[in-house]
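K.L.:
Listed below, chain by chain, are the residues.
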Amino acid sequence: MTNNLWRNHILPFTLLVGLLGVATLVGDYLLHRFNLVWIGRYLGIPGTLLIIGSLIYSLRKRKMITSGNMKSWLSMHEVGTWLGSLMVLLHAGIHFNAILPWLATVAMGVNVISGMVGKLLLGRSREHVLGKRDHYQLRGLSKEDIERAVFWDAVTLDAMTKWRKVHIPIFIVFAVLALGHIISIFLFWGWV
Amino acid sequence: MSRTLKWILATNLIVLSILAFAYPHLMVGPGKLIPGHAKLESDCFACHAAFTGAESERCVICHKPDEIGKLTSAGLPVQKPLTSTPFHQKLISSDCIACHSDHAGVKRFRPTGQFNHRLLEKATRDECQGCHKSPKDSLHQQITGNCSQCHSLDKWTPATFDHTKYFELDRDHNVKCATCHVRNDYSRYTCCQRRM
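Residue numbers (my numbering), protein chains in the order written: chain A, 1 to 192; chain B, 1 to 196.
One should not assume that every hint holds.
Distance windows between CB atoms, simulated [said to hold, decoys possible]:
(1) A:Gly21 to B:Thr52: 34 to 40 angstroms
(2) A:Ser58 to B:His37: 40 to 46 angstroms
(3) B:Lys165 to A:Leu19: 53 to 59 angstroms
(4) B:Lys155 to A:Tyr42: 21 to 27 angstroms
(5) A:Gly21 to B:Val182: 49 to 55 angstroms
(6) A:Thr66 to B:Glu41: 50 to 56 angstroms
(7) A:Tyr42 to B:Asp126: 34 to 40 angstroms
(8) A:Val22 to B:Lys165: 49 to 55 angstroms
(9) A:Thr66 to B:Ser93: 52 to 58 angstroms
(10) B:Ser93 to A:Val26: 38 to 44 angstroms
(11) B:Ala46 to A:Pro46: 30 to 36 angstroms
Since the hints were made in silico from the structure, they are not lab data.
All C-beta atoms in this analysis are idealised placements derived from N, C-alpha and C, irrespective of residue type, glycine included.
For reference, chain B alone in the conformation it holds in the complex:
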């Protein structure tokens, strides 16, 4: 390798290194931050700790768990809350990263909005109606509480209700719920119109 080429290489790499420190959001950041965090774009260590990644202790400096869902990080009342009931106060720990990600490139792998109910305190976790409204269909209107009997903490549908216990859904009955239970009426089914 000629001396000139070595110099050109070294100069380019030094320039790139300087650019990485001057513009980390462009050079090494995995995509844009959410609009609310735009001003933190070139300050990686506002959220990240060296070698351990983004840490919740830094999030709660601005986002105080007691105020999330009630007050903004500027201390003003939340005008349009994202959830009907504030729940961050009832989490077993402040593990923000368990649910939230920020950079656009990271969100591709960790979609936000997937709430992990296991992070709630047990009493709150068992009280689904504290946050969720009961479905309007006739079956659910008859039931109060004890949702976990038929539904998991991961997703509402499909229900974990054991249909076979009452009627086996064999190959001749491999259909959607609404085929037999019209108008969300789970107290009846269409074949014989008998009460369950």
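So here's chain A without its partners, still in its complex pose:
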């Protein structure tokens, strides 16, 4: 695989996903270090609200609502889901108690990554591969040579396209599992 796609697109994507992981670990460590674990316990609520709020973009995209600038909603969706996911990850901590909330957390993680693939990789990578094809065409390479030259980039692009497609199905899984977790909390938790 040529280095360009990796360096220009996949590496920044990896860093942003890594940042989410590092922020979770650092946040979790600080909450434990300063005996503030109870904050983590309640971070699930604002995290979930942020994720739900960021869904306005999805409604706007599907024309279920018509107001607001599409680009602003998208930015809000990206920031809201990243921050919301961070809060939910801190809420989950590294404590394995029940299976359902952990399945929801894993589904959320897959959802965040597939969303980032869409944001950071897919569009630019598609342009990158097309640009390369044009460049080789201008240099007079044969069709077979061009396909050989962009082979690994094309394979990566194909994988990303498939990864992107799981965003909505995995979101549905995440939403149902999270809802199950929330219902069980309301059912068994002593709020008063």
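Guided by the hints, dock chain B onto chain A, whose structure is given.
P.N.:
Frame of chain A; chain B shown alone:
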């Protein structure tokens, strides 16, 4: 989304829902129960009321307040009591959840063993020596009762005793009690060996 994918998703979610009802302690329970409650593991509503959480009325079905500390929930005498004096009989109300939690995951946030003295009836609350032995040091041996003069209901140490009233602990005297009051003797201090 393809029709097949929708079916796979729906099937998985239905299976998960069934598992949540069949194995609630694994699917939604926040960690294991204490060993004594292990048999209640899959019966959430033995302790919980819907939408209001664990409730004391359900605890006292097995743990009768009059018998706590004296008899087990099976009605047998307690062999190794956890406290020297049974005190549950002298609580102002049966609010079990105020002190007790059960699931391992919840205990992380609500450590047990932190007794709230404010839940005791006033007469019992004021009579510390009914449950606690007086410290053996010379200062406390001279005192009987009225512990709240120097100690709070939340914790024994640090004492709320106002040291400044007798000697100001300024920056040159920012030390542990034992530095001046050796062998727990609070009637003297080391600098001049004068009586307080």
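K.L.:
Hint by hint, note whether the structure agrees.
P.N.:
So, going through the hints one by one against the coordinates:
| no. | hint | result |
| --- | --- | --- |
| 1 | A:Gly21 to B:Thr52: 34 to 40 angstroms | holds (37 angstroms) |
| 2 | A:Ser58 to B:His37: 40 to 46 angstroms | holds (44 angstroms) |
| 3 | B:Lys165 to A:Leu19: 53 to 59 angstroms | holds (55 angstroms) |
| 4 | B:Lys155 to A:Tyr42: 21 to 27 angstroms | holds (26 angstroms) |
| 5 | A:Gly21 to B:Val182: 49 to 55 angstroms | holds (53 angstroms) |
| 6 | A:Thr66 to B:Glu41: 50 to 56 angstroms | holds (51 angstroms) |
| 7 | A:Tyr42 to B:Asp126: 34 to 40 angstroms | holds (37 angstroms) |
| 8 | A:Val22 to B:Lys165: 49 to 55 angstroms | holds (52 angstroms) |
| 9 | A:Thr66 to B:Ser93: 52 to 58 angstroms | holds (56 angstroms) |
| 10 | B:Ser93 to A:Val26: 38 to 44 angstroms | holds (43 angstroms) |
| 11 | B:Ala46 to A:Pro46: 30 to 36 angstroms | holds (33 angstroms) |
In summary, this structure violates none of the numbered hints.
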